[in-house]
Amino acid sequence: MSAPAGSPHPAASARIPPKLGGAAASGAAAPAGPGPGPHQQNGPAQNQMQVPSGYGLYPQNYVAPSGHYSQGPGKMTSLPLDSQSGDYYPGLYTVPTQNVVTPNTASQQPGAQQMYGRVPPAPHVVGSALGSFQGAMSSASHLQTSASQPYSSFVNHYNSPAMYSVNSSVASQGLPSTCGHYALSAVSNASYPGVPYPSLPAGDPYRQQMLTSQSALTVRPIRESSLSGQNTAVSHPSPLPPPPSQQYQQQQSLSGYSTFSWSAPGLPSTQDNLIRNHTSQVAANNNPTNTVADSLSRSVMQNVQPPKSSPVVSTVLSGASSTRPPPAAPRPAEPAASVAQPPELSQQKGMQYGEYVNNQASSAPTPLSSTSDDEEEEEEDEEAGVDSSSTTSSASPMPNSYDALEGGSYPDMLSSSASSPAPEPAPEPDPAPAPAPAVPQPSKLAKPFGYGYPALQPGYQNATTPLNSGVPPSSPGYSGFQQYAQQYPGMNQLSSSLGGLSLQSSSQPESLRPVNLTQERNILPMTPVWAPVPNLNSDLRKLNCSPDSFRCTLTNIPQTQALLNKAKLPLGLLLHPFRDLTQLPVITSNTIVRCRSCRTYINPFVSFIDQRRWKCNLCYRINDVPEEFMYNPITRSYGEPHKRPEVQNSTVEFIASSDYMLRPPQPAVYLFVLDVSHNAVEAGYLTVLCQSLLENLDKLPGDSRTRIGFMTFDSTIHFYNLQEGLSQPQMLIVSDIDDVFLPTPDSLLVNLHESKELIKDLLNALPNMFTNTRETHSALGPALQAAFKLMSPTGGRVSVFQTQLPSLGAGLLQSREDPNQRSSTKVVQHLGPATDFYKKLALDCSGQQTAVDLFLLSSQYSDLASLACISRYSAGCIYYYPSFHYMHNPSQAEKLQKDLKRYLTRKIGFEAVMRIRCTKGLSMHTFHGNFFVRSTDLLSLANINPDAGFAVQLSIEESLTDTSLVCFQTALLYTSSKGERRIRVHTLCLPVVSSLADVYAGVDVQAAICLLANMAVDRSISSSLSDARDALVNAVVDSLSAYGSTVSNLQHSALIAPSSLKLFPLYVLALLKQKAFRTGTSTRLDDRVYAMCQIKCQPLVHLMKMIHPNLYRIDRLTDEGAIHVNDRVVPQPPLQKLSAEKLTREGAFLMDCGSAFYIWIGKSCDNNFIEDVLGYPNFASIPQKMTHLPELDTLSSERARSFITWLRDNRPLSPVLHVVKDESPAKTEFFQHLIEDRTEAAFSYYEFLLHVQQQICK
Amino acid sequence: METVVFVFSLLDCCALIFLSVYFIITLSDLECDYINARSCCSKLNKWVIPEVVGHTIITVLMLISLHWFIFLLNLPVATWNIYRLIMVPSGNMGVFDPTEIHNRGQLKSHMKEAMIKLGFHLLCFFMYLYSMILALIND
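Residue numbers (full-length UniProt numbering), protein chains in the order written: chain L, 1 to 1258; chain G, 1 to 139.
It should be emphasised that the hints constitute simulated quantities derived from the structure, not laboratory data. Here the structure is a predicted model, which means the values were calculated and not measured. Incorrect hints may have been included.
Label-pair restraints from in silico Cβ distances [to be verified]:
#, chain 1, residue 1, chain 2, residue 2, range
1, G, I116, L, S1024, 19 to 29 Å
2, L, T560, G, L136, 55 to 65 Å
3, G, I116, L, N590, 50 to 60 Å
For each residue, glycine too, the CB sits at the ideal point set by N, CA and C.
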């Protein structure tokens, strides 16, 4: 039956011995066993490498842990502060002790004494000095925790003599419940309202003063002192168990410490400079008081220095943060209000912004425990970007430190606020004392977070914050989040154009502003739509997961299912869990801390009840903090579990121990299954594939164990024996397709490095091996069965290339498409699979950790609906190239080539499972994406790739009335290509609201549309396409009518939508005109099914472009508002609405559809543009098929190219560019994307609105 | 004759009750994550056709023996069973499909259905028992 045959082709026959020898030698050089060497470099090793760089300068710091510990809870009495510090830093600590004395005298003040009186049972008997410190400390903590204590009280304190007490508390016991930042900032903050700092001179005299006073100190002791001081603070839980909010602040401010290791080696001197400047300012402000103040400020400064050793900015800013009264207080100086305000106020805001920024910055680089993920050197996230910018700012020693700080850390914010002229009333003047409705009492600890939900508007006004703050002007931007962030700064029209985000101090949040849809002509904003920011308090917000990885359709979770039903909006999550991150904290520890009952990973939103216990934020169980967790590898200190990177980052990756393995981690295994029937050879994809493989063979992710194999099939199945030692690849043909077996089970998948020469030979020979084949049949089913058998011992990735309908053996399919029905408006049939063969096989594969990726390159109908099952349930991915031909369709060939490059080299995770957990009361009921749902919340993913997105629908099972926040956590456990078991954890935290208006205010319209699209795909497969279309229209009708009847109190004659939902009808119309759901327009069944597959498995950013492309006018690109990326100037043209009315014959337009770019050239387009950019003299001479812009040395060409390159760089699959001439036949491709226009079968946008309105009135 | 019909119905009904209980147990196992969807569905799909056959036999038997009331009682359930079997999409692996059972609350609806059937069969059981005793007495 089977005939092992020699190479059937003369080309592959004669092999010369030297090559063989070479192959053998390379094999010998790389033994087959799992090489431990490579992995070790990955996580821990890098850690260790970084340790010295961070800490090498200050070895004494390492002593600290033991010291702190000795002062653990209850041991306060044993060591007076100064003696303790004396122990550790005998000679150097003199100045701090001085400080200790100073505040002492100060604490004789009545105010301070009063505070002292409030001290809860003071456990210390040490002496008056210490006692007063305690008092001061508790008072300070009191100040901070009680929200009812208004912001102004700070000011009063600091400006009045009582200030000493606070300062003293800072100085003496090293920052009560927060830390050094707090102290410094408190001071600075307090002083600024009084003295507008821009008017401050450089403060040279003061600086001198400071310098002299400091001269005795080296940098080192200062740091130590503050470290120890801070530890006392932490180890002092007795007086007031800090409410969770406070802990958060603490965490956040403490994060400053981590940066200190990072930045210290770099630029200590400039930092010191800055700090001096800063403190000198403080001194200047305090000057009127007396010299005591001076010394105080000095002491303060010394205490604070360690945090500041990260760019000064952070200290100042975190200070600003602490000025904010904790949870529910009305947030006096809300960062949101970026627009003009009274000078001091806005400056304060600047500070707060900076704080936001900087804390992020400071928490981002945690060199000790975080190693940058595989290939990433550059910084990626907003944190990192800001990071770099703040570094630069602190590197330039500017005289006026405060301006420098602001300018450095928050440049764009300032400029935008300066440019927007509207003098709006500031949300609230800072000293406004407001009663705090939801002060977190200690008793409220029962709640996981203790944060009250503040009044709506600040959060929504805040919406611009991340936009601006996330802007690294010079850093290269990558993922979608960043691009947008980068676009913003330059745009002056920002605040006005981002409808939902402009700032208003009216009682109604901007996202609830009613928009009359039928009246508003330009509904589409000028800039890309941005994800709404959950209305959380700023500490949580900056800890929250990036919206690129994790988004919820409602950023305000309704309290009950009844409320959700009333809102008529879908509730669900959109996930992109494995996306490429360039900066990711990787944690190696023996015990991964998880909740004992629900197995949630510890995350930034848990609350620490005390040092030894934490409360799970999903199930509310109280867990112990394991011993190992008490030690913080970043600060090298003990007893600070809340400072661990796990609790500082909402996206972390753990290196898993063997508890997380069912078997030893598998090697990377790749199998290519190639169709070589006549049809395939004719299409010529083999050349492209083999070329790509040859180019990327060394870049395939993997380690020394990587294995690779090849199979080809037509009516028979061909295996290739590539065992090292052979002189040439050996082809083995199995013609028994009814009962497939493996001819030589162990030599078909070979080690990539050992048999590289043979593999290269095969790849070179393959394109020509079948040129004369006459075999037209395709036995895909049996080939897949064989592939499954081959892969089942290890698992891995199977890449199947198929060019026609499978016609032989198991899994054969019939043509089901009736071409006459393509443009039918009634029924579209055959959207579901025709057979369960592929589904069953996919589940078998999934069980053996094998994913099947399908590349379908067919020119006729190939029943993608059935074939896609093989990938859908085995967690593979699907690529479809309709009418592929390497000669006749060069753009498809180019696309395949680019896709393959990405496909072969992108990250990959093997034998993965993903579990999604959510707070008790919520439950997930439907999952979308490519995977197999193994149990209620466990998705089995044989492979995970960075381009896979998922969606989950949620329902509210129990009312969420007793909690103010809900959290979602996805944990993705996978084996990296290096054979490491890793867990990537994302945690998202969202507020719960009880009013319908709040629910509408928090709608994330893009996420909602993507979820709706997923639901509509399900509906059209399980029911019918027209059902799905009706459901989409009903989604708009229902939500808008629900809004109209409940929230908006305007008359019902007009079609009113909240601003947050204003794009909803437009997007739904776009969906209805999408290939997947459109009717009336001729659509091939495979195209339709492929669009559905893409909706199911694309992450949100890509899906949105597919649904609603971006249109730009590119013949008049200017540098106005341009951004700079990698020394390139990238112009930022405004978005145009997708309507032919925007297309003028004189213009040229670029449409970005995600997977393709179209450049439409108007008939009377300026010849200069055509010549400068396209390189042709006039319109008539432009060829019909043009897929590249020539590199011309003109300004407009440079601008156009840099814009297109920039758009391209931001997505994984490189889209192909089509130049479309007006009046060319290809223009229908372009025009079908103009979704606001009427087509013969579908509404225009305005008609659609009228239709919706009609439905509502019915 | 009457007796034979009801004795047979009684036995058949017992079998159906056991089957319903088995369905419930297996589904709740899946709910509690004791077994995975794949094995659960393959276990259950095996018994879908026997269930349909068993129930159809009773229904037809009642029709033949002219017990109109019992026939009409059984008819909707039998119809539903057959309808469910016929309406399985061609790509699915049976009435219970492992890839969909966790979606859209299918698990819950399957569970509810099994519960209702259990109740129905219990009712029928006592009815057959009563009828059988009546028939025995009449004999």
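Hints, one by one, checked against the model:
1. At about 28 Å, the CB distance of G:I116 to L:S1024 agrees with the hint of 19 to 29 Å.
2. Our hint of 55 to 65 Å for L:T560 and G:L136 holds, since their Cβ atoms are close to 57 Å apart.
3. A beta carbon spacing of about 51 Å between G:I116 and L:N590 agrees with the range 50 to 60 Å that was offered as a hint.
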